[in-house]
Amino acid sequence: MHCFQYDNSPYPIRGGLASAHKVYWQALARPGTWFSGAERVAIAAEVRNAVNCPLCAERKMALSPNSVDGEHLCGTLLTPIAVNAVHRVITDQSRITQAFIDESVAQGLSEEQYVELVGIAVTVFSIDEFNRALGLPLEPLPEPEAGEPTCYRPTLAHRGTGFVSMLPANGAVGEEADLWKLDRTANVLRALTLVPNAVREWMAVGDEQYLSMKGMGQFTDFPDRALNRMQIELVAGRVSSYNECFY
Amino acid sequence: MLSLSADITESDVNLQMVNGDYSATVGDVAYATALMKFAEALAGRDETDLASARAALLEEAGANVLVDAAGVAANFQRMVRIADSTGIPLDERNAALADSAIKELGLSRFDSARNTPPGGLKRKLMRLIARPMAIRMLRKLS
Numbered sequence: 001m002h003c004f005q006y007d008n009s010p011y012p013i014r015g016g017l018a019s020a021h022k023v024y025w026q027a028l029a030r031p032g033t034w035f036s037g038a039e040r041v042a043i044a045a046e047v048r049n050a051v052n053c054p055l056c057a058e059r060k061m062a063l064s065p066n067s068v069d070g071e072h073l074c075g076t077l078l079t080p081i082a083v084n085a086v087h088r089v090i091t092d093q094s095r096i097t098q099a100f101i102d103e104s105v106a107q108g109l110s111e112e113q114y115v116e117l118v119g120i121a122v123t124v125f126s127i128d129e130f131n132r133a134l135g136l137p138l139e140p141l142p143e144p145e146a147g148e149p150t151c152y153r154p155t156l157a158h159r160g161t162g163f164v165s166m167l168p169a170n171g172a173v174g175e176e177a178d179l180w181k182l183d184r185t186a187n188v189l190r191a192l193t194l195v196p197n198a199v200r201e202w203m204a205v206g207d208e209q210y211l212s213m214k215g216m217g218q219f220t221d222f223p224d225r226a227l228n229r230m231q232i233e234l235v236a237g238r239v240s241s242y243n244e245c246f247y
Numbered sequence: 001m002l003s004l005s006a007d008i009t010e011s012d013v014n015l016q017m018v019n020g021d022y023s024a025t026v027g028d029v030a031y032a033t034a035l036m037k038f039a040e041a042l043a044g045r046d047e048t049d050l051a052s053a054r055a056a057l058l059e060e061a062g063a064n065v066l067v068d069a070a071g072v073a074a075n076f077q078r079m080v081r082i083a084d085s086t087g088i089p090l091d092e093r094n095a096a097l098a099d100s101a102i103k104e105l106g107l108s109r110f111d112s113a114r115n116t117p118p119g120g121l122k123r124k125l126m127r128l129i130a131r132p133m134a135i136r137m138l139r140k141l142s
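In order, the protein sequences belong to chains B and C. Mapped onto our numbering, the consecutive letters of the first sequence carry residue numbers 1 to 247. Mapped onto our numbering, the consecutive letters of the second sequence carry residue numbers 1 to 142.
This is chain C alone, in the form it adopts within the complex:
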């Protein structure tokens, strides 16, 4: 979704931020480093790191950003567990949209990738057709 948001808003985003690469934070995502550190500290469950990341995000971006970031991070602590606890595969349509991001980020290395069968010709064709169409449509809507 980060890749899609960047394409729709024609923003400069390096997806390697998702993998924790701090050299990738140069671009159009404001407070990217502080947001990444906060997300990691919550998921990593180190309370010292979390307190430090919280203070840094608060100082840099303010209380409203901190609270909304806490909501999103907490939400995805739930979503990953729904997906993995039920073994759902990536939806075929979304897999086509996300195919290039999956490759770029090497997400197939995760255990839970086993729940999604590798895509065939159909997914490749969908990627070529569906992604540009979706971006054009969502750009208009946005």
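With the rest of the complex left out, here is chain B:
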């Protein structure tokens, strides 16, 4: 797949970043766990529609997003409930509630599909945001590949933390043993484990955009980065605070 060459970038892009983005684009095009390749690419397209969606802009300004009716700026492949979920994740995530997810599930978007959808939406968004941050054009979306989703659900995933089922902190065993090494981990790593590949995919991008798990234990300088840890955490903290994220 010929993508993320960054040939026309006025700035030198680290090879690891370009490679991570390219690997993700390849995975995006393939059939996933609960969605086909075409549906996964359609979710990515909705990420781009969401940032220009007039309904989302109006809802974002409203006291309650549920008080504004209308139609999203969207494609035709996904169901309206899936479109609504992608748009909410991208434009108004801090007001997502358990009730919003339960209602989506009641209308036909399974909990597993919601989790895979979140994984695709946020990972595509972070790659698009990298390009936008540097004033680079967005990468064209990949051509979807044929095939069926695996429908794999980790047996240890259950409700109890947050809004969706996830692996327990000591649940990285068996097929999921690669997700983390100890019998404890941060909730943000557990968050999408109902679809383990969603975690693997965002973590591979995160290793390059931010830090690897090993790098997170280091608090001074990094040989392959131009920012030291305090500068990294200042940018991270300011983006999180601007987005009103408590976590």
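Since the hints were made in silico from the structure, they are not lab data. Beta carbons are placed, not taken as given, at the ideal position from N, Cα and C, and that holds for glycine. Be aware that one or more of the hints could be misleading.
Derived coverage of chain B by chain C (criterion: at least 3 residues anywhere in the stretch with Cβ under 8 Å from a Cβ of chain C; other residues may be distant) [to be verified]: (1) 51 to 63; (2) 204 to 218.
In the EDC-like style, the derived pairs of lysine to aspartate or glutamate whose C-alpha atoms are separated by at most 20 Å in a straight line are [to be verified]: (3) C/Lys103 - C/Glu47; (4) C/Lys140 - C/Glu92; (5) B/Lys60 - C/Asp111; (6) B/Lys60 - C/Glu47; (7) C/Lys103 - B/Asp183; (8) B/Lys60 - C/Glu10; (9) C/Lys140 - B/Glu176; (10) C/Lys140 - C/Asp21; (11) C/Lys103 - C/Glu92; (12) C/Lys37 - B/Glu244; (13) B/Lys60 - C/Glu92; (14) C/Lys140 - C/Asp111; (15) C/Lys122 - C/Asp99; (16) C/Lys140 - C/Asp7; (17) B/Lys22 - B/Glu143; (18) C/Lys103 - C/Asp46; (19) B/Lys214 - B/Glu176; (20) C/Lys37 - C/Glu47; (21) B/Lys214 - B/Glu244; (22) C/Lys103 - C/Asp7; (23) C/Lys122 - C/Asp111.
Position chain C relative to chain B; hints supplied.
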């Protein structure tokens, strides 16, 4: 994590930078003002502000800093959405480590704070014990 990094490296950092207070940028974080403006401009989605912040960071810190800052900012555009879309609470251990920063920055004002129950005696004790221990250990490792 900014607070922890500052403590481990014994650096002078005013956490109010996280809340966008430009008077707090005096300290040991190089290019702090330009980094803050760049992060805000990306999250704020104003393309004029972003172009201006990008040019300022490039001029002040160079292309490699700009590219790495773009990566980190983009990464956290993702992380906040994972956390909020799944309603995860702050981990008990991390909450203990971050308790003082949460209070100092007033982070409980955010809607998503509702996903983390208020800490009790256990968290207070963990804060008193765990944070100094973690700082000592991470300082040695670093």
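*Hints that the structure is at odds with (numbers, increasing)*: Failing hints, ascending: 1, 3, 4, 7, 8, 9, 10, 13, 14, 18, 21, 23.
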